[in-house]
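I would like the entire structure built from these sequences, with the hints used as guidance.
If you want the building blocks of each chain, they are given just below.
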Amino acid sequence: MRKTPLHAAHVEAKARLVDFHGWEMPVQYQGILEEVKQVRAHAGLFDLCHMGRLVITGPDREALVEHVFSSNLGKMKLGKAKYGFLLNAQGFPNDDVIVYRGADVVHIVINAGNRDRDDAWVREQCATRRYRATVANVSDEQAMIAIQGRDSEATVQPLCSADLSQLGYYAFTEAKVLGLPMLIARTGYTGEDGFELFPAKDDGRRVWDALLGSGKPFGVCPIGLGARDALRLEAGMPLYGNEIELDINPLEAGLDFGLDLTKDDTIGIPALRAAKAKGLSRKLVSFVAHSGRVPRHGYELFDGATRLGTIASGAASPTVGKNIGTGFVPPSHTAVGTKFEMDVRGSRQPVEVVQGPFYKRAR
Amino acid sequence: MANRPANVRFTKTHEWVRLEGTTAVVGLTDFAVEHLGELVFVDLPAKGKKVTKGETLAEVESVKAVGEVYAPLTGEVLEVNAGLANDQTPLAKDPFAAGWLAKIKVTAGTKVDDLMDLTAYQKHLDAGGN
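Residue numbers (numbering that gives the first Met the number 0), protein chains in the order written: chain A, 0 to 362; chain B, 0 to 129.
Fair warning: there could be bad hints in the mix.
[What the hints assert, rightly or not] Computed Cβ-Cβ distance ranges for the label pairs, DEER-style:
hint : chain 1 : residue 1 : chain 2 : residue 2 : range
1    : B       : Thr118    : A       : Ala7      : 33 to 39 Å
2    : B       : Lys46     : A       : Ala7      : 50 to 56 Å
3    : B       : Lys110    : A       : Pro330    : 58 to 64 Å
4    : A       : Glu173    : B       : Ala97     : 54 to 60 Å
5    : A       : Ser331    : B       : Thr73     : 58 to 64 Å
6    : B       : Gly82     : A       : Glu140    : 51 to 57 Å
7    : B       : Asp112    : A       : Ala304    : 44 to 50 Å
8    : A       : Ala7      : B       : Glu54     : 40 to 46 Å
9    : A       : Thr127    : B       : Ala84     : 46 to 52 Å
10   : A       : Glu351    : B       : Glu78     : 50 to 56 Å
Worth flagging that the hints you see were computed from the coordinates, not collected in a lab. Quick reminder that beta carbons are idealized off the backbone N, C-alpha and C, glycines included.
Structural data, given as structure tokens:
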């Protein structure tokens, strides 16, 4: 299995390690529920080094990104980040990504499980169109660390050269942390305020340890993938492989905010316009389970004898105090308050559609 | 680690069983409970249910996963630890005593010699527990 530059820190912290898309990653340290609570109450640290990073440069870099990215790069201010998809020609997502628009560079953060496919896809489009752009995969040269939670700014600021109070939501900047140069972005995947830092690979451990030290007054500790999944589900954020897949289009998943359907020269957008005009046969809903059983990916949903669809994600939510989930159902079953059932290994358990997201922080 | 008693037998799938005459008390080992992580639900069989050795007896659900508990013996469910449905703490903290799962009535002469004793179970765990 592959190991991130922070692997030794996880072993020292006695994390429970699992295989995540070929990477040996921490699923939990002291416990998933405790870790969720720590991030909601204060802040926590995440090893994201396994995620992929592409750096696009050259005179046609923006034309290339505009061609492969479902959202509108041209409408983004310099120094801002945006969520969207790398769509195939049929309008299905190869991946969901965050694009960062710099003055002379575009950064794309991609999912660990899709690193090789995305890299090949973007290069292929670049070559086909003969764009004068260079695609560099810096995933193995860079570390990636997130700190998420209300005490993130107070934790990072003492170590950082930039005035973080001036860094807006979904904005990024070049700055120094511990005197080391890196990109720092006010982005995340938990529904909390926080930052993602991109130091050089060999600086990763120093930054990790310094953040733990600086965050001590707030109880800042490392957070595993288990809590990360619950946090993002509570915040209504999709996970590739669950809410998004090669056979689920982003409209079905309700992710219209990651699409600009008016774009003409972007792969997959014409197909999505057509799909929207035709009407959708299923939609993603958020639901709570009126049951002690936890909804889980792949469980089937039923209305009496009628099979409605499958569960995309589920979790025991310490923040909501209920078992929560998302699932794909026909448009007839999407209204808030609609009740149906999930099949838990042969036993039917009641669920009820609610308005998502399950959690929204006060701003 | 919980103190594992010497008067029970163990299965490869981490159930324990203590035979008292024709009553078998069944539970999950500390290893299994620790492996599951934070517990959120226990689904126990109905009283009177006939169970067959190796088939699902109960389901223990954690934040991460659903764990199946297999019947270590064939018999009929006499009694279950019903309180676990609402509070899984006894199973998490005291899996060999307060956290027992079910009592199964077995036929006279039922033996547990084919199940592991404490020494053998420790070896099984040392080899990874799979």
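Could you work out which earlier hints the structure fails to respect and list their numbers in ascending sequence?
5, 9, 10
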